[in-house]
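Number of protein chains: 2
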Amino acid sequence: MAGRTGRRPGDTSTRDQILAAAREAFAEKGYDGASIRGIAAGAGVDPALVHHYFGTKDKLFLAGMNVPIDLDALVKQVLGAPRDEVGVRLVRAMVGVWDSPAGASAVAVLRSAMSNVEIARMMREFIVSQLLSRVIAGLGIDRAEAPLRTALVLSQVVGVAVTRHVLHLDPIASIDAEQLVAAIGPTVQRYLTGDVLPPR
Amino acid sequence: MAGRTGRRPGDTSTRDQILAAAREAFAEKGYDGASIRGIAAGAGVDPALVHHYFGTKDKLFLAGMNVPIDLDALVKQVLGAPRDEVGVRLVRAMVGVWDSPAGASAVAVLRSAMSNVEIARMMREFIVSQLLSRVIAGLGIDRAEAPLRTALVLSQVVGVAVTRHVLHLDPIASIDAEQLVAAIGPTVQRYLTGDVLPPR
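Protein sequence lines, in the order shown, are assigned to chains A and B. Each residue of the first sequence is one higher than the one before, counting from 1 in the UniProt record's numbering. Each residue of the second sequence is one higher than the one before, counting from 1 in the UniProt record's numbering.
Keep in mind that the hints were calculated from the coordinates and are not lab data. Given the structure is predicted, the values throughout are model-derived calculations rather than measurements. It is possible that part of the hints are untrue.
[As the list claims (entries may be wrong)] Not everything, but these chain A residues come out facing chain B in the computed CB check (under 8 Å):
| # | residue |
| --- | --- |
| 1 | LEU62 |
| 2 | LEU139 |
| 3 | GLY140 |
| 4 | ARG143 |
| 5 | LEU197 |
[Stated by the list, open to error] Just so you have them, the derived chain B footprint on chain A, three or more residues with Cβ under 8 Å:
| # | segment |
| --- | --- |
| 6 | 37 to 48 |
| 7 | 147 to 158 |
| 8 | 164 to 177 |
Glycine included, every Cβ here is placed at the ideal spot set by N, Cα and C.
Throw the hints in and build the complete structure from the sequences for me.
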């Protein structure tokens, strides 16, 4: 783990070098496939330095995508709600991110994902493994049902992001965030905890 | 209306010429802004010839996008259902289109819409004015609520198309169409006829 730590740790360019290596690794190997160790090697620094600058892999990913959100706080906020309000809380959190300054970058990533399978995979793996799987686990949802519920939530959340921020479809493009939460929240609630499988 | 009808009407290239002019007009002026007359002028033919080959504007649009579906039959099929089954029928019809050979072209249009505002507008106007507004009118839905309901339906339907056909998110990407209908149908039903506005 000696690494080629030629640059001084305090160097601004070291941080940028790590971010560039991270973007490349995530795009090439997906979120799950990329490793801190591999990214450190790509940037020519010690893995400890990557941890020092960015903490965990999810934080490095968000920094690389230029989406400065606190995912831990967001998940905690969603799971702090009563079980039957989790849908509304999750939509409120997601709309809050899309509508924030960080949202512009998130939308840019979404747009790239439409024409680039590697970016699509990276984004999908990140959302599933970092956001939705933590919510699903926090709700104690059956593991066998988790993938379908996760994908359904994603289908609605991505659909809102696309209609609001890419296709600019009114009134979704201009509607007040809380109206959107009232309309979409119950859908996400049902996908998380309701009846979504066809009767046998 | 004399037009520059130099080519023989039976010419294969006349048909292609009209389609090319149609694609250009729809992309440039949107679905609502483009006219049969303008498209005929662009192709250097009489408007009557455009009607002869393609019928109405919606059919010309679908032919231009290479999405050979019968929209009239589709709308009739959806509206033929009892009111509380319209959501399921609409999702079944849309999934049927996306999954058909015509669906590949529809997905290509969707993909283009993500990076091109003109194509986004064209697609949005077509879906809203040709498909959803006919369903909304057929259901006798309050005109004041129609735009929000339409946009909500679109947000879910586009979200499914993106996760199933662009992001390839399993299990939505590989799930049986009827399972998707069972999961998504009730959402669309609520967006069309249920309670979607926040309590005052």
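Status of each hint after checking the structure:
1. LEU62: 19 Å, violated
2. LEU139: Not OK, violated: LEU139/A not within 8 Å of chain B, min 18 Å.
3. GLY140: 20 Å, violated
4. ARG143: Violated: closest Cβ of chain B sits about 13 Å from ARG143/A, beyond 8 Å.
5. LEU197: 7 Å, holds
6. 37 to 48: It is violated: at least three residues are needed, and the segment 37 to 48 of chain A offers just 0 whose Cβ sits closer than 8 Å to chain B.
7. 147 to 158: Result for this restraint: holds, n = 9.
8. 164 to 177: It holds: at least three residues are needed, and the segment 164 to 177 of chain A offers 9 whose Cβ sits within less than 8 Å of chain B.
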